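Q: Protein chains in written order, with my numbering: chain A, 1 to 796; chain B, 1 to 360.
No wet-lab data here; the hints were simulated from the structure.
Careful, some of the hints might be misleading.
To be verified - Computed cross-link-like contacts, DSS-like style, restricted to lysine-lysine with a CA-CA straight-line distance of at most 25 Å:
id : chain 1 : residue 1 : chain 2 : residue 2
1  : A       : Lys41     : B       : Lys224
2  : B       : Lys284    : A       : Lys2
3  : B       : Lys224    : A       : Lys414
4  : A       : Lys227    : A       : Lys237
What the hints assert, rightly or not - Reference listing, derived: stretches of chain A covered by chain B, where coverage requires no fewer than 3 residues with Cβ under 8 Å from a Cβ of chain B:
id : stretch
5  : 19-29
6  : 88-101
7  : 166-174
8  : 511-525
Keep in mind the model is a prediction, meaning the values are calculated, not measured.
For glycine and all other residues, C-beta sits at the position ideal for the given N, C-alpha and C.
Here's the letter readout for the chains.
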Amino acid sequence: MKFTYSWLKEHLDTDLSLAQLDEAMTMAGLEIEEIEDPGAKLAEFSTAYVKDAQPHPDADKLRVCTVETRDGIKQIVCGAPNARAGMTAIYAPLGAYIPGLDFSLDKKPRKIRGIESHGMMCSTKEIEAGEDHDGIADLKGDWPVGTPAAEALGLNDPVIDFEVTPNRPDWLGVYGIARDLAAAGAGTLKTGPVKKVPGSFPCPVTVKLDWPEACPIFAGRVIRGVKNGPSPEWMQKRLNAIGIKPKNLLVDVTNYVSFDYARPLHVYDMAKIGPVLYARKGRGEADQHVALDEKTYTPSESHCVIADDERALGLGGIMGGQYSGCSSDTTDVFIESAWFDPAIIRKSARELGIDSDAKYRFERGVDPESPVDGIELATALILEYGGGEASDVTVSGTAPARPDDIIFDPARIKRLLGLELSEDRIEEILVSLGFGVTRGERWTVSVPSWRRDCAQQADLIEDVARIAGYDNLPVVSFRRPEGERFEAPATELQNRVRAARRSAANRGYREAITWSFCRSDQADLFGGVGEGLVLENPISSELDVMRPTALIHLLTSVQKSADRGFDDARFFEAGPIYLNDAPDGQQTVVAGVRRVVAARDWRGEGAPDVFDIKADAMAALEAAGAPVDKLQVTADARDHWHPGRSGVLRLGPKVLAEFGEIHPRTLKALDVDGRVLAFEVFLDAIPATKKKALKARPPLELSGLMAVKRDYAFLMDASAPSAELIKAVKGAEKQLITDVALFDVYQGQGVPEGQVSLALEVTIQPTDKTLTDKEIEAISAKIIANAQKAGASLRG
Amino acid sequence: MTASSDLDALEARLSADIEAASDLAALDALRVGALGKKGEVSLKMRELGKMSPEERQVMGPALNGLKDRLNTLLETRKATLEDAAMNAALASESVDVTRPVKREAQGSLHPVAQVMEELAVIFADMGFAVAEGPDVEDDFHNFTALNFPPDHPARDTHDTFFMKAAEGETAKVLRTHTSPVQIRTMLNSKPPIRIIAPGRVYRCDWDQTHTPMFHQVEGLVIDKETHMGHLKGCLMDFVAAFFETDTVEARFRPHHFPFTEPSAEMDVRYERVGDAVKVGSGDKWMEILGCGMVHPNVIKSCGLDPEEYQGFAFGMGVDRLAMLKYGMPDLRPFFEPDARWLSHYGFSPLLQANLATGLS
């Protein structure tokens, strides 16, 4: 909402500087977006009187002027052809910056062809206040010497733009702003009640309200014999300043009243309308018409139209029709000042795809008791500047009821705000805002018609706080409740995320945060988008569904890095994936991605493989508190993984992580080159840890007996999982076998085709006595027997 | 020639030989030749038995003395030779230690995650827990329960992403703020409530200063006595702790949010120091967050009695806090992984923001 300072002063008696006004509005909740002060850059320039102008003795085109300025009488050498005695000019003192010429005058008088010049007289172009450069500004009017140039040029009216919050439609009029600022102590409201203009004949137009829910009240009046010329200069200036193009008196008056009092109006050409108007539901094709924006609209029965018996004349509260609009030939007019239901206006405008200043006001809520005032304001302006004769005012319907009175407990001010405020001051604030107060133990507060946002006590408390000033509220430190033990508030999942992130970062991955959305065909590569997760209005077709995996953007990002020459970027992300649109359809994963790139090092180094990424996945799981020693590994990862180089870390049916190489086909579809290793850990799948009453650990029992290590080589089917063999060996003597390490894998000469030799180091830790050779032999026999059951045989 | 002068000659010879021994083998040969079973000195000692007691009394100590002195000489020479041998071996083992070590890939944590951890620490100290909620929300939690009536202009201020809805169903949305977590928390727990809710939020907007996804942190307090003075105190203490400054000049401006009343925006003083921003003092105001007392309609929506319960809520942009504190000039790279950016603006995984050792 834009207005000019002089416009505000029409309603508000105030001597605030612009900076003070800024502050006052800001602290009353009218958030300033921009203040444009056209006079600010003209501060150095003022009016001066040219007493005398003589030809320069040494230059034909120069004149030596004697000028009366705010700094006294000055001798100024001037080259303008129009410099003459008796004119009022714009004076720039020595040292002044001339914006249009982009230079500053010397601080000391300069000799021009031998004669000192003590300043400059400027054209409007030179001070960027106009286009005129034929000569120096020759001001009309009787300006005392030293008048600021901005004032003399009519450029001293700052334009203020501020944000109107949706709860305060009354701020969409300058009067409403003034009323609020007066309450906030920024001045005195000087505009009284709207004056009535008596009618001299009965209104010849009748209005019928056929849809009172949409249009419950409609005031109208006819004015005959108007001359619809240009509106007065002051009105045009104000409208121009706030970005409204002046058209003619009738249009400008409706716009002016709309911005002055937040009161939209419409004016019909009497010659084009019938004697009876209806505010009714639209009738589809039959009501099709061209509106003032030159577009054709077809209002349906959920849209309100104003019509006569012949045709639809416009969309009520939104925009009038072209047919009945006013032109310069219009002499007799009918003024409409009605009230339209905000929800119906909003729905209509949305469905018809139309916007207007009237719609903006009605959808936020216009004062329902303002229709007659609106008519009177417009009448006074039209009669003053266009002449004519006004009819009586006709009012159809009744204004919607005011909001109910609010029962108000003044003690709530202290309780909610922490602010000590006397009851008298509370009443004073409410009354200054237009509320009616009846005091008692509980107060009864009546709500003014323009404050339909106020329905309960909290609404009043807000206004009291706002006007009393938020600066005056106490500042009270907010501490943890006294006497309560500090308990770390993080949840188990939060701690898991933290730890898993640190694990990944410690292992060389950089944490990234990537979009929660992805492209639907990319989602399809990773199992497809979940139910209900397609966006209706995506920001781009690249990001049109919620992602089913955190891998997509990480994969494309390592490729982007490679394209920039960074071969071995390693990224991880801890974030959401989306399986369906239910709250528990969102899960938290930690995913990591790196390309298979051999590090080049003088000591030699191989490329990472699936076991490196498996280790990363297991480290993240372990950090997150998963029981990694109990995990099973299976080779059945989903389709986006390399079928032979990927795996699943699971606890029975629960999938805790997938890891491995990404399927080359998936990479190709994502335009990713080479081989890429990745893991995705599903943190929600990790079983919750049991809370223990005590944090003490069981006593540490150390055996003083030496552990025995024995090596075995087994042959087994190369396609069988080695984990089964290790598990079987471990299970041979659960009490005594503490570790089984696979230290060699061999295929080739000496090993039958299709088999693999697996060399295991088994650690046997005696508990109570040293084992005899016989006992160790017995354990060995069990190990070999178990291995055989798992399909392996001791290598001969 | 006396026996003792013989011994002197022998000692002189053997001593000279020991000194001259060039390696451990030669030295050992000398030891055997002198002190071994058949060594010169050993043989002489054997002869002691044949001597008269008087002779023995002279020659016994003399021979023992000689033996001891030769042993000492042998030990000393042995140590010298061993040292020399080790030095030679070490010299052959030497490497160029100025060669570089293996390059370990450096990992890092994202600055947004770091800032979220800092927020959690600061607010934990004030008794706040961290709550979370889903990104795909229903209309009730994102709007209606937060006192955005259906079809109200206030909804226009949120550039909402809608999900495709099945016929006849209300479309779900991507949460436009973290405030729905307020609703979920109030519906699922009993006051007193103190939570912060950090997380991803979504608005349909993408330009120089907006991304379609960004991060917010929401705060909520519900009890019977917390008033707006506490809100001011809480947030001013937060700003001081977060920006690690003693001087915080802040102002609270009236504003409008559907879910709080009274509502405010908090501005802090700031100044530019080069490209960076110093928060807390200076000549300009910068808006950093929105806040207010929880609207009675919101409290009611969550099944609590607004006559009995009250409290405050606040919300702020986490990415922006990160930019202000750590000096990133542009929001966009936050969500476009680039190892150089992540390295420059990221944090060590060994760092854990906490009260005892600091935030960062």
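Q: So, for every hint listed, does it hold in this structure?
A: Each hint, compared with the structure:
Distance check on the hinted pair: A/Lys41 and B/Lys224 sit about 54 Å apart at the alpha-carbon level, beyond 25 Å; violated. Among the hinted pairs, B/Lys284 with A/Lys2 is consistent with the structure: their alpha-carbon atoms are about 23 Å apart, no more than 25 Å. For the hint linking B/Lys224 to A/Lys414, the alpha-carbon distance of about 13 Å falls within 25 Å, and the restraint holds. Proposed proximity of A/Lys227 and A/Lys237 is supported: the alpha carbons are some 20 Å apart, at most 25 Å.
With 4 residues carrying a beta carbon less than 8 Å from a beta carbon of chain B, the stretch 19-29 of chain A meets the three-residue requirement, and the given coverage holds. Look at the stretch 88-101 of chain A against chain B: 0 of its residues bring a Cβ nearer than 8 Å to a Cβ of that chain, fewer than three, so the hint is violated. Counting residues of the stretch 166-174 of chain A whose beta-carbon sits less than 8 Å from any beta-carbon of chain B gives 3, enough to reach three: the coverage restraint holds. Given as covered by chain B, the stretch 511-525 of chain A passes the check, having 7 residues with a CB less than 8 Å from a CB of that chain where 3 are the minimum.
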